[in-house]
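Undergrad: The chain contents come next:
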Amino acid sequence: MRAEELKGHLDALLLAALEGGPRHGYAVIEALRADTGGRLDLPTGTIYPALRRLEQAGLIAGTWSVVAGRRRRCYRLTAAGQRALAGRRAAWREFAATVSAVLEGGPCPDPA
Amino acid sequence: MPGPGLIARYLDALAGQLPGPVVEELADGLEETYRRYLGLGLAPEAAAHAAVAEFGAPELIAAEFARAHPARRAARRLLAVGPVVGLCWAVALVTGRAWTWSVPVAADIVPALALVTIVALLAVAARTTRYRAGAAGCIGTAALDAFMIIGVLAADPAARWAVAVAMVASAARLGLSARLLRPVLAGGG
Chain D
1 MRAEELKGHL DALLLAALEG GPRHGYAVIE ALRADTGGRL DLPTGTIYPA LRRLEQAGLI
61 AGTWSVVAGR RRRCYRLTAA GQRALAGRRA AWREFAATVS AVLEGGPCPD PA
Chain G
1 MPGPGLIARY LDALAGQLPG PVVEELADGL EETYRRYLGL GLAPEAAAHA AVAEFGAPEL
61 IAAEFARAHP ARRAARRLLA VGPVVGLCWA VALVTGRAWT WSVPVAADIV PALALVTIVA
121 LLAVAARTTR YRAGAAGCIG TAALDAFMII GVLAADPAAR WAVAVAMVAS AARLGLSARL
181 LRPVLAGGG
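From first to last, the protein sequence lines are chains D and G.
Per our numbering, the very first residue in the first sequence carries number 1; after that it's consecutive.
Per our numbering, the very first residue in the second sequence carries number 1; after that it's consecutive.
FYI, nobody ran anything at the bench for these hints, they're computed from the structure.
Some hints could be false.
Residues of chain D placed beyond 10 Å of chain G at every Cβ, according to the derived structure [unchecked claim]:
1. Glu4
2. Gly8
3. Ala31
4. Gly37
5. Pro43
6. Thr44
7. Gly45
8. Pro49
9. Val67
10. Arg70
11. Arg72
12. Arg73
13. Leu85
14. Ala86
15. Val102
16. Leu103
Cβ-to-Cβ under 10 Å is the rule here; a few derived chain D residues that face chain G [to be verified]:
17. Gly38
18. Ala97
19. Val99
Pairwise CB distance ranges, derived in the manner of DEER restraints [stated by the list, open to error]:
20. Ala90/D to Ala107/G: 22 to 28 Å
21. Ala12/D to Ala154/G: 31 to 37 Å
22. Arg132/G to Gly20/D: 33 to 39 Å
23. Arg97/G to Arg83/D: 31 to 37 Å
24. Ala155/G to Val66/D: 41 to 47 Å
25. Ala57/G to Thr63/D: 42 to 48 Å
26. Ala101/D to Ala146/G: 55 to 61 Å
27. Asp41/D to Gly151/G: 55 to 61 Å
28. Ala80/G to Ala12/D: 26 to 32 Å
29. Val105/G to Glu4/D: 40 to 46 Å
30. Arg9/G to Ala96/D: 15 to 21 Å
31. Leu42/G to Glu4/D: 26 to 32 Å
32. Gly8/D to Ala146/G: 23 to 29 Å
33. Arg76/D to Phe147/G: 40 to 46 Å
Note that the structure is predicted; figures quoted are calculated from it, not measured.
Using N, Cα and C, we set each Cβ at its ideal position, and we do this for glycine too.
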């Protein structure tokens with residue numbers, strides 16, 4: 001799998017990583033690395049601007065806390081983020097089913 | 001922050017390009033990365049090298065933040081609409097024979113200097129990671145529009161159509177500046 005293709009879905013992957021509950025930036029990266037089997041090979045520092053972009057779009061919300069004397073920003077999905085994730089998930093399933101139907105000769109997905 | 005000098009130098013490089021809260025968040029993530037490598041058995045210096053390498057070049061991170069920051073979008077939008085509003089005022093001032101109005105010299109010089117400063121601030125914000133330039137540019141644009149509307153109403157109460165058009169353009173841009181400023185100020189810097 002190409003890392004570039006995964007990066008194209010970074011926003012959806014970040015939203016999905018927060019679906020289970022709030023996480024700070026580094027925990028999000030670790031979750032994504034684990035879930036992608038290490039195939040998401042982004043510089044760790046570039047995840048933070050991506051999180052900030054999702055926050056500005058209102059899809060996630062960040063709050064500060066203090067852990068071990070360091071300020072830490074934790075993110076959670078907003079209601080809009082949950083809706084966006086559901087939309088991305090539905091679109092992905094339709095896309096994957098359509099491509100699979102052609103490449104693997106499976107049943108054609110219901111367009112509805 | 002504890003850890004070798006390499007991490008401190010890396011954070012200094014970030015601090016030169018990004019707002020304080022953003023650097024604090026990155027420092028927390030970098031500390032976690034560093035500790036993970038220590039936990040894997042690396043010596044402190046090697047763990048710091050690995051953590052910094054994993055994080056990516058400070059310039060790359062700053063550029064990604066700049067791309068995501070509303071200050072850059074705000075600056076680009078104001079730079080895009082600037083010539084239109086400027087043209088409206090140029091037509092209004094020429095057709096209104098503004099040079100015949102009796103206004104203090106400062107009323108001629110101040111807006112001209114302000115305009116040059118605002119364009120410079122917006123140009124900086126549109127191309128760099130200096131977000132405060134974007135906020136200052138938004139505030140400056142709004143203040144200039146308010147000054148022009150009030151000042152010209154005071155100097156030339158007989159409103160001609162061109163003056164009215166320019167005032168409407170300035171009022172519309174004033175609203176745009178105010179709308180753009182809110183996410184710029186909330187955007188972490």
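Undergrad: Broken hints, numbered, in rising order?
TA: The structure conflicts with hints 5, 6, 7, 8, 9, 10, 11, 12, 17, 18, 19, 20, 21, 23, 24, 25, 29, 30, 32, although it agrees with all the remaining ones.
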